[in-house]
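> Residue numbers (our numbering), protein chains in the order written: chain W, 1 to 325; chain Y, 1001 to 1325; chain D, 2001 to 2325; chain Z, 3001 to 3325.
A couple of the hints might just be wrong.
[Stated by the list, open to error] Incomplete in silico selection of chain Y near chain W, CB under 10 Å:
#1 1011
#2 1050
#3 1069
#4 1070
#5 1072
#6 1076
#7 1077
#8 1080
#9 1152
#10 1159
#11 1165
Quick caveat, the hints were computed from the structure, so don't treat them as lab data.
Treat the numbers as computed from the prediction; the structure is a model and nothing was measured.
Even glycine gets a Cβ: it sits at the ideal position worked out from N, Cα and C.
Spelled out from the first residue to the last, the chains are:
4 protein chains.
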Amino acid sequence: MKQIKSIGLFTSGGDAPGMNAAIRAVVRTGLYYDLKVFGITRGYDGLVKGDLYEMDAKSVANIIQRGGTILKTARSQEFLTVEGRQQAYDKLQEAGIDALVAIGGDGTFTGAKKFIDEHDVPIIGIPGTIDNDLQGTDFTIGYDTAINTVVDAVDKIRDTAESHDRVFIVEVMGRDSGLIALRSGIGTGAEAILIPEANLDFSDTLDRMDKTRKNKSSRIIIVAEGDEAGGAFEVADRVKNRFPHYDVRVSVLGHIQRGGKPSCMDRVLASRLGVAAVEGLLAGKSGEMAGLIGPDVCFTPFDRAIKHIREVNPNLLKIANILSL
Amino acid sequence: MKQIKSIGLFTSGGDAPGMNAAIRAVVRTGLYYDLKVFGITRGYDGLVKGDLYEMDAKSVANIIQRGGTILKTARSQEFLTVEGRQQAYDKLQEAGIDALVAIGGDGTFTGAKKFIDEHDVPIIGIPGTIDNDLQGTDFTIGYDTAINTVVDAVDKIRDTAESHDRVFIVEVMGRDSGLIALRSGIGTGAEAILIPEANLDFSDTLDRMDKTRKNKSSRIIIVAEGDEAGGAFEVADRVKNRFPHYDVRVSVLGHIQRGGKPSCMDRVLASRLGVAAVEGLLAGKSGEMAGLIGPDVCFTPFDRAIKHIREVNPNLLKIANILSL
Amino acid sequence: MKQIKSIGLFTSGGDAPGMNAAIRAVVRTGLYYDLKVFGITRGYDGLVKGDLYEMDAKSVANIIQRGGTILKTARSQEFLTVEGRQQAYDKLQEAGIDALVAIGGDGTFTGAKKFIDEHDVPIIGIPGTIDNDLQGTDFTIGYDTAINTVVDAVDKIRDTAESHDRVFIVEVMGRDSGLIALRSGIGTGAEAILIPEANLDFSDTLDRMDKTRKNKSSRIIIVAEGDEAGGAFEVADRVKNRFPHYDVRVSVLGHIQRGGKPSCMDRVLASRLGVAAVEGLLAGKSGEMAGLIGPDVCFTPFDRAIKHIREVNPNLLKIANILSL
Amino acid sequence: MKQIKSIGLFTSGGDAPGMNAAIRAVVRTGLYYDLKVFGITRGYDGLVKGDLYEMDAKSVANIIQRGGTILKTARSQEFLTVEGRQQAYDKLQEAGIDALVAIGGDGTFTGAKKFIDEHDVPIIGIPGTIDNDLQGTDFTIGYDTAINTVVDAVDKIRDTAESHDRVFIVEVMGRDSGLIALRSGIGTGAEAILIPEANLDFSDTLDRMDKTRKNKSSRIIIVAEGDEAGGAFEVADRVKNRFPHYDVRVSVLGHIQRGGKPSCMDRVLASRLGVAAVEGLLAGKSGEMAGLIGPDVCFTPFDRAIKHIREVNPNLLKIANILSL
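Please work from the sequences and hints to get the whole structure.
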């Protein structure tokens, strides 16, 4: 194993709050261990093009509190090809970069795995995505901030729902996963939570709404983007069909869920995983994602980390049900 | 003029942050002047049905910071009829209510004016609407909170726009008025602001975007709901047609703009106008809206207050233009 | 074991954000299992005096997002005596309450344990305190919100520190524990974190500050209330003695750390533990605190839960050190 | 009059949220009118030392939402001397700077006036201070954000006050002026507001507290730093002396009041005044502060702007009194 003297760092996939805190941690840990640290811009696109610059402690000053990613992120068609990856490797050689830290989600780690299979560059991943849909970590960086953003938004909508005795259907992010919907639904006291994993019969939800009719004048229903009941607008139609006199409104929260100042949890998580990623590389690890399980940092091979398991904590589902009386 | 011993109070139209602060102020001022104060629920609907209850200092404790309206708000078909208004009058007589404070927007004041024309009940209005589209007050209650909510949301979206080099089209409330769009557009440093009042040629905006191409990798365009360029999706299409390689996204902020904790400005404004409304009634006023112009409370007849003037401060338009370099 | 048909519920000790979410969960879970639920006001004081009222689903509507505790909290001298506890027991008998849920911290559980030793009333505890100083749960309800509040405050202070090239000494809560300081220190990128558990030699910190002099013009030092270096003012004096030309300021964050809207994490945690507490009682448990360890709810005897262990995650200390370059 | 081709820009005095928005506006307006724009760092200190750099549109990208000032601020002993000011003038000549924009408060404008008296450099001021203590503008940049910060903090403290039935004495900034205290006091529904301008007999406040004893279990008293009743701790002692059984606590909000993301109002105000300042210079103005009175930008000579008038809107005092029932 070659000694690592210089590392490269990039963010890839959708941006997530806390990515900058992770960047800061990787850079400062690298410097702490006397490494050179290069920031690669725009993810795999910058890797292929060799868009990179050396970073020092000042490069990451005063960014821990900022959403987005100062290294930017983008899609790369070229990196999907063998030639593109060869070029990326050449650029790394040119710059004298011995190892990489990749911050992102499943697409990021899929790419990283391919790269490792073809080239001799150790890579450690850091889970940065609001979706929380990776194995090998209790939480991904950005998830906690995203659910707080949803909760803030729904609290606002609740004010209007209560004032007007309305039913609001609120659609949150989660094409493949209801994890944002589930926790933010419990956190906002939603009367129903529709997620792909639960596979609920929506007519049951409607029956329940009928039964609790007298208790409630307003209601919030949280729908994950990817739920089979259809998007928020279809759910709204079904509610209106069943209860024609209800005043039903739709709110699709959209892109506000990605940005914003990271929560303390996300900053601490990002800081811990950033340190761990660099120390992992120095300890000879590669092809693994640093994650946090319980109180401990641990490493999970990329192929296991990205295995999407369509399953949520059944305890959370039960609780959502009990509390939506 | 009959001496006023008892007043009724209601909120009507869309809810707005600060309505509760206004309710608190009206109730406490009423009590301060030894009046009985009745809360009428659900606006004109509650007026027609006589849904009301006596309020004391405790009824309004700890509500100054809450969004929405504890008196609720609703539409009333009945109040639109002569019979409905007669019934409302009878209910007031029954309850011994001598005068009314109506918190809401132009629909509210139109109704109030009709009621005054037919019945001998003094009414003072308080401008509670996020739209800021009334004459006779610099700001309506809720507007300042709404523009802060938009600014918060767009700051989040900016994180993603910057990270991905994207163009975001953000649609904000304002069917008839671009006032929310204009100020929040300046406040977020938007690269373009599309409002019904400005009657801009959108192709000019596109030309400008072309010219500043090299300076900017990301852009935010704020569109008022009612702008003639069409909603946000149509604007997005036009941007994509002109700049096919841009990554263009749409975010419709929707109902989050109505709720939330009122800003300090809205709380102070609501408190001042609540006091003024009660003192106005005691001074024999009726058919007028209390407003704030510069540092001073003043009163404007309902028909003047609701005269929607399609015009915005030209200075703000100019500034938006200069700063969007 | 007597069948439980009716439960009482109270909050005790310092208030913490998320207590209302826990109250809501206990009440709704009780109703879900067809129990009567009584709210006891002002903690043990209300227990002794029999200040209680029956709660229904509406009693806890729209409180999940509110800080503080609707049941209030207070100290009770009487409950510290045998007679006081006897009277509390008599009041419970009178009201037909079979079991209790106690939300609070170590003082709360110490009292509960005494009560159980003397009287036949099952009690389950829920950890509600911003201090996170209990065993048997990864986090206490309120801790996550508190560290977010600290992070928000320090982000603001950082703006001024950067603008003026100042050193700020920020004192956070934690008489016996540096857990708030440690995580919020990492989350704000503090240059030094002083906590009772670490037993650092403060002169080392000063030496470090000397070494990194050229990199930094501004600095934030977070001090836990209970750290041996003395409070924030003493720390400030020591910094000024060593670096007379530094512009050093102190900020004691104080009571703002207790209040505010609970974070999503705290709401979900409170909801889960509220459900678990009631189900625990129904399953025959008593004298235990419901907590969350990793993904699972578990129960810990009161005497173990309150055993204060002066120790923090060494990994977090290490990270704080590496990142404060 | 010399034609202006190049302007310099600095911030001075205490930092205030919105200063960056003003910097952005000055820079972009300068560029819009084809001027060169130089940023001078650390206020008059940088002026004396010639610490300056040319700014372009990118220098001020993505700063509108950030607290503090990217140009930094500091005190300068040298600028207080004739020689220091001469040196500052020489540095400006050297850099080819024809005119200045000074963002700050009364100290800033006092210095600017002196400089103009001695040297031929036109200067326009922009009011950037959280204190709102300048004549010639309804609001100073930063004030709106500061009162929102206070309101947020006191809302949190109110949660604890309500939960524990406590009296909280909250001290806010304002050595010479109670304007922060007054508006934030009304905005938080404080039970008493103590400000230097009102010259209230505090024993009257205590008498009032006695009378409303039965209505209220918790209370918030807001004290301006500079009030004659003494700081918050002295006020607390007097409350405790009169009502020994009250649980009285003190919170000094301190430096959090200066920082944070500027509110929309502050961003718009800063943007307008930044544009106006540059246009004012181009129109031949000097020695004046740009301000906003009602809807209109206007200019006020420095000596009038800084004339501190110890007076507050009597209407606000009356309202505070009525609503604190």
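> With reference to the structure, classify each hint as holding or not holding.
Each hint tested on the structure:
1. 1011: For residue 1011 of chain Y, the interface hint holds, since the closest Cβ of chain W sits about 8 Å away, which is under 10 Å.
2. 1050: 18 Å, violated
3. 1069: Since chain W brings a Cβ to about 5 Å from residue 1069 of chain Y, closer than 10 Å, the hint holds.
4. 1070: 8 Å, holds
5. 1072: 6 Å, holds
6. 1076: Residue 1076 of chain Y check fails; min Cβ-Cβ to chain W is 13 Å, beyond 10 Å.
7. 1077: 13 Å, violated
8. 1080: Violated: closest Cβ of chain W sits about 18 Å from residue 1080 of chain Y, beyond 10 Å.
9. 1152: Nearest chain W Cβ about 8 Å off; hint holds.
10. 1159: Interface hint status for residue 1159 of chain Y: holds (3 Å vs cutoff 10 Å).
11. 1165: Holds: closest Cβ of chain W sits about 7 Å from residue 1165 of chain Y, inside 10 Å.
Going through the hint list in order, the structure does not satisfy hints 2, 6, 7, 8.
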